[in-house]
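Please model the complete structure; the sequences and the hints are all you need to start from.
Chains A and B are the protein sequences, given in the same order. For the record, in the first sequence the residue sitting at position 419 is 419 according to this note's numbering, with numbers rising by one throughout. For the record, in the second sequence the residue sitting at position 197 is 197 according to this note's numbering, with numbers rising by one throughout.
It is worth saying that the hints were derived from the structure and are not from the lab. Ideal Cβ placement from N, Cα and C applies to all residues, glycine included. There's no promise every hint is true.
Calculated cross-link-like contacts (lysine-lysine; reagent style DSBU-like; alpha-carbon spacing at most 30 Å) [claimed, not checked]:
#, chain 1, residue 1, chain 2, residue 2
1, A, K222, B, K222
2, B, K151, A, K311
3, B, K311, A, K116
4, B, K333, A, K443
5, A, K440, B, K364
6, A, K111, B, K333
7, A, K364, A, K394
8, B, K505, A, K309
9, A, K115, B, K311
10, B, K255, A, K222
11, B, K309, A, K151
12, A, K222, A, K137
13, A, K151, B, K222
14, B, K151, A, K370
15, A, K5, A, K111
16, A, K309, B, K111
17, A, K255, B, K309
18, B, K311, A, K311
19, A, K123, B, K309
20, B, K370, A, K394
21, A, K440, B, K394
Which residues of chain B face chain A? A few of them, derived with a C-beta cut under 7 Å, are [to be verified]:
#, residue
22, Y177
23, I187
24, L257
25, V401
Protein chains: 2
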Amino acid sequence: MKSDKNGVFIFDTTLRDGEQSPGFSMNLDEKIRFARQLERLGVDIIEAGFPVASEGDFASVQQIAREIRAPQIAALARTHLADIDRAWEAVKDAANPRIHTFISSSDIHLKYQLKKTREQVLKDARAAVEHACAYTKNVEFSAMDATRTDKSYLCEIVEAAIAAGATTVNIPDTVGYTMPDEFGELIAHLFQKVKNISDAVISVHCHNDLGMAVANSLSALKRGARQVECAVNGIGERAGNASLEEVVMALETRKDLFGLHTNIKTEHIYHSSRLLTDITGIPVQPNKAIVGVNAFAHESGIHQDGLIKEKTTYEIMTPQLVGVSDTHIVLGKHSGRHAIKEHIKRMGYNLTDEEIDKVFARFKELADIKKEIFDEDIEAIISDDVFRKPDKYKLIYLNVVSGNAAIPTATVQMEVDGEVIQDAGFGAGPVDATISAIRKITKTSHYLLRYAVNAITGGTDAQGIVTVQLRYNERSVAGRGADPDVLVASAKAYINALNRLESLKAHSRINVKGE
Amino acid sequence: MKSDKNGVFIFDTTLRDGEQSPGFSMNLDEKIRFARQLERLGVDIIEAGFPVASEGDFASVQQIAREIRAPQIAALARTHLADIDRAWEAVKDAANPRIHTFISSSDIHLKYQLKKTREQVLKDARAAVEHACAYTKNVEFSAMDATRTDKSYLCEIVEAAIAAGATTVNIPDTVGYTMPDEFGELIAHLFQKVKNISDAVISVHCHNDLGMAVANSLSALKRGARQVECAVNGIGERAGNASLEEVVMALETRKDLFGLHTNIKTEHIYHSSRLLTDITGIPVQPNKAIVGVNAFAHESGIHQDGLIKEKTTYEIMTPQLVGVSDTHIVLGKHSGRHAIKEHIKRMGYNLTDEEIDKVFARFKELADIKKEIFDEDIEAIISDDVFRKPDKYKLIYLNVVSGNAAIPTATVQMEVDGEVIQDAGFGAGPVDATISAIRKITKTSHYLLRYAVNAITGGTDAQGIVTVQLRYNERSVAGRGADPDVLVASAKAYINALNRLESLKAHSRINVKGE
Chain A
1 MKSDKNGVFI FDTTLRDGEQ SPGFSMNLDE KIRFARQLER LGVDIIEAGF
51 PVASEGDFAS VQQIAREIRA PQIAALARTH LADIDRAWEA VKDAANPRIH
101 TFISSSDIHL KYQLKKTREQ VLKDARAAVE HACAYTKNVE FSAMDATRTD
151 KSYLCEIVEA AIAAGATTVN IPDTVGYTMP DEFGELIAHL FQKVKNISDA
201 VISVHCHNDL GMAVANSLSA LKRGARQVEC AVNGIGERAG NASLEEVVMA
251 LETRKDLFGL HTNIKTEHIY HSSRLLTDIT GIPVQPNKAI VGVNAFAHES
301 GIHQDGLIKE KTTYEIMTPQ LVGVSDTHIV LGKHSGRHAI KEHIKRMGYN
351 LTDEEIDKVF ARFKELADIK KEIFDEDIEA IISDDVFRKP DKYKLIYLNV
401 VSGNAAIPTA TVQMEVDGEV IQDAGFGAGP VDATISAIRK ITKTSHYLLR
451 YAVNAITGGT DAQGIVTVQL RYNERSVAGR GADPDVLVAS AKAYINALNR
501 LESLKAHSRI NVKGE
Chain B
1 MKSDKNGVFI FDTTLRDGEQ SPGFSMNLDE KIRFARQLER LGVDIIEAGF
51 PVASEGDFAS VQQIAREIRA PQIAALARTH LADIDRAWEA VKDAANPRIH
101 TFISSSDIHL KYQLKKTREQ VLKDARAAVE HACAYTKNVE FSAMDATRTD
151 KSYLCEIVEA AIAAGATTVN IPDTVGYTMP DEFGELIAHL FQKVKNISDA
201 VISVHCHNDL GMAVANSLSA LKRGARQVEC AVNGIGERAG NASLEEVVMA
251 LETRKDLFGL HTNIKTEHIY HSSRLLTDIT GIPVQPNKAI VGVNAFAHES
301 GIHQDGLIKE KTTYEIMTPQ LVGVSDTHIV LGKHSGRHAI KEHIKRMGYN
351 LTDEEIDKVF ARFKELADIK KEIFDEDIEA IISDDVFRKP DKYKLIYLNV
401 VSGNAAIPTA TVQMEVDGEV IQDAGFGAGP VDATISAIRK ITKTSHYLLR
451 YAVNAITGGT DAQGIVTVQL RYNERSVAGR GADPDVLVAS AKAYINALNR
501 LESLKAHSRI NVKGE
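Next comes the structure, spelled out in structure tokens:
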């Protein structure tokens, strides 16, 4: 346990629960990049993945464990002993590895999904924790669907897990059903009834199906929980997890009420949120608390009037506190290599000289087209040109003729496994025509689930970030591309998705079942 | 008061607090359309606007009051008597009009913004309520920034407002600062100390700056409040208001806990959310509770396994309950006029024969390009072709040549006040080139704050909905356009924004101050 009784552990599950939700999948490099940002942000534990679920999950947990040294790195595992072995194998090289094992404890899950008795589940839980403890003392146990579990059975299983050696016990609201008072009472009940509870940190993991994830987490902290499982931008299964930034800023802004603190460096919150939307291509809505573009915008005349007279009339925290800067224009056409290098460093990237050369070359090209270069442009360049693996498919040439009086037509030239191929296509619009040509060249025909463009900065010469999502069997794969030309960005995004699909085929996720 | 003590009034402020937030402004026709949907949804009170703020606000409140008959229609007013007169003027034709008057009660607002003593504010509040009561018995009073107000002074002002005739008293958490327990205690305190409190309905209006708006609202309901002010998709100033759908579905799903009910027809929730994103062009994030595209998506293998075995293992409410249908393919190339007419009716629109002809003509054009026509396509057609006023600017012809080896060039022909003008432009990409040509023709140069495209359905031949936001003095104006060709949609959106700007200039919002 933390020596400081008012310290709250922030357990980030963006890369596990978040990453598994539709549209948010990331590749290995993106996961490492994001994990590095979580380290800068100061999270205590990174849940890096579910190693048994796929080769890709295993590889990324392993690499994060090897590269990210400050936070603890957790790997998820069912109570199957083979899952735990696999989790340990992935996470063992971490500076401070954690095995996180879970099993459902609610009667509804026991009856319909696990088809096991309470006694069997208790036995499984105990055996799993003991098995994990043979590898490390840092073991977390989760009683899945805890909020719909019989209370006295929940006490029993929590007590058994702690007795078996779990140093953290997590109480998840798996289906997002509970309410703050009710959840607080449940946590208080555990503290009252479980004899050995002071031997473990009590954790919570709340889902947002009824909009209560953050409120439930805070309510649990008031009653003695000291770890919150959460995700940047609140992403995760269905309506997502408790949002990291909301939990942290509520504790920070209402210190007077909670008397608790975290290790989060709040000034990195905004950049963490932006990096996630940049990687996944999925923006937060403008009215998202803390990190939405409107979160600090005061539009009504009355509020503006008040703010001019005195900031605190309408502002309970400053934008600077979470790292939103008023100005982020950085560089122009005449900025030199050194300035770029220094700037990239200040943005928190650690690039090699060769990588900086690549960024600089792309920067020069972009500066010829675009007057002002923002942090977001540099980020797009880095993610497009540095953090991208050699690909099967590559775009060489694109030409499009389109308009409301012509049949949109695209000519595309690509490299496929080193061979140059070209073809033309037409369609309902220029994007459709471009994709049609790419499909002919690559001989693919995946259904397009989603297509979105966001300009990453203001101005008509801004780069467009295109995100596409293709259907692949039961799953989906996303791709993104950035370019001042929305059609080039679309082609890049579609080709990126095809390349990801190739690597997905190589490391396909197995269909993990509850039992 | 409601005769039923467990009934909760839903007071929707999407058209007032929501509409005034950046990017969410709507024109008169859009407001009427949305108000009609709120009526179908079953909200008890629609806050239609702030009549003194602008001619446009006045006109839309007046028209909503005249056309929407089932819900009460509320108009906002400061405690200035002239504001109240104006509010009444706008709202008086409603079946059941309400005047909603407000003044700040916190010392920080009194000192810095209002520069008035508590005594003066109390006097203003009393006078305003009395003045409003001369017009109607349906008067609501709000003590702005109530959560940062001295408790005994808050009791005093609430008691005075009720004594003066207010039948609803609202306790806003204006800056989104409070926490559920604290807010619940404040409401309980009012019920204990304010002698005449049973003469009014106690209302709450919570902002989401710390992610607590819904939790705070529910906590207040547990302690006796019976009206919740909320907005569809949780939009509103900064991080927004309590989200209507989350408040309603929490009460519905946890009836066992709250024992409360609303008049909301939950099966209209999803369509209300979609209509709002369709009008404003701003989608909710995929993990938005209740209405996000992922809200009912179960991606993890374990959850999918459980769902197959038994729905309730991971589902606490059905998607059908909020109107998400599994399939919404509706029409194809061969559907006739009658089928379209019937379908439009089922979607909840009341169109004239002439309007249906327009929709049918556009439908036929679209069906030539696009294989399957979805509800969303029909909605886009209706909003594009039926609910759009005769415009100053009109697109006739667009041709674009673009690609990664050409300088993107666009040729545009437009009608400006009836005169045909054409010009060509080039730019960093085809969108930039198109906008450049439009700017030359229209002699405008507004800064582009935001540009986004969303495909409204799946498939490569889907229509793209483009949203743009232009800067206009201190404010912003949004435009949208739909077309299977993303460049045509971009041109339409930009021209739509220019047209809106013209009507904004005609009805500019005055700069309303706190005092």
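These are the hints, each one checked on the structure:
With a C-alpha separation of about 19 Å, the suggested pairing of K222 of chain A with K222 of chain B holds against the 30 Å cut-off. Of the pairs offered as hints, the one joining K151 of chain B and K311 of chain A holds, with about 23 Å between alpha carbons and a cut-off of 30 Å not exceeded. Taken as a hint, the K311 of chain B and K116 of chain A pair is honoured in the structure, with Cα atoms around 18 Å apart against an allowance of 30 Å. Using a Cα cut-off of 30 Å, the hinted pair K333 of chain B and K443 of chain A holds, with the two alpha carbons roughly 28 Å apart.
In summary, the hint linking K440 of chain A to K364 of chain B is supported, as the alpha carbons are separated by about 28 Å, within the 30 Å threshold. Taken as a hint, the K111 of chain A and K333 of chain B pair is broken in the structure, with Cα atoms around 49 Å apart against an allowance of 30 Å. The straight-line distance between the Cα atoms of K364 of chain A and K394 of chain A is roughly 22 Å, inside the 30 Å bound, and the hint therefore holds. At most 30 Å may separate the alpha-carbon atoms for a hinted pair to count; K505 of chain B and K309 of chain A meet this at roughly 28 Å.
A hinted pair counts as satisfied when its Cα atoms are at most 30 Å apart, and K115 of chain A with K311 of chain B qualifies at roughly 15 Å. For the hint pairing K255 of chain B with K222 of chain A, the CA-to-CA distance comes to about 25 Å; that is within 30 Å, so the pair holds. Our distance criterion of 30 Å between C-alpha atoms is met by K309 of chain B and K151 of chain A, whose separation comes to about 24 Å. Note on K222 of chain A and K137 of chain A: the hinted pairing holds, with a Cα-Cα distance of about 27 Å set against a maximum of 30 Å.
This hinted pair checks out: K151 of chain A and K222 of chain B have alpha carbons roughly 24 Å apart, not beyond 30 Å. The suggested pairing of K151 of chain B with K370 of chain A is violated, with an alpha-carbon distance near 55 Å, which exceeds 30 Å. Distance restraint check for K5 of chain A and K111 of chain A: the Cα-Cα separation of roughly 39 Å exceeds the 30 Å cut-off, and the hinted pair is therefore not satisfied. Between K309 of chain A and K111 of chain B, the direct Cα distance comes to roughly 10 Å. Compliance with the 30 Å bound is thereby established for this hinted pair.
For the hint pairing K255 of chain A with K309 of chain B, the CA-to-CA distance comes to about 45 Å; that exceeds 30 Å, so the pair is violated. A C-alpha spacing of about 50 Å is found between K311 of chain B and K311 of chain A, which places the hinted pair above 30 Å, so the restraint is violated. Distance hint between K123 of chain A and K309 of chain B is fulfilled; the C-alpha atoms sit about 23 Å from each other, no more than 30 Å. Between K370 of chain B and K394 of chain A the alpha-carbon distance is near 29 Å, which keeps this suggested pair within the 30 Å criterion.
Simply put, K440 of chain A and K394 of chain B have alpha-carbon atoms about 37 Å apart, too far for the 30 Å limit, and the pair is violated. Taking 7 Å as the C-beta cut-off, the interface hint given for Y177 of chain B holds, the closest approach to chain A being about 5 Å. A distance limit of 7 Å between C-beta atoms decides the matter here; for I187 of chain B the minimum to chain A is near 14 Å, and the interface restraint is violated. With its C-beta approaching chain A no nearer than about 6 Å, L257 of chain B sits inside the 7 Å limit, and its interface hint holds.
Interface hint status for V401 of chain B: upheld, as the beta-carbon distance to the closest one in chain A is roughly 5 Å, under 7 Å.
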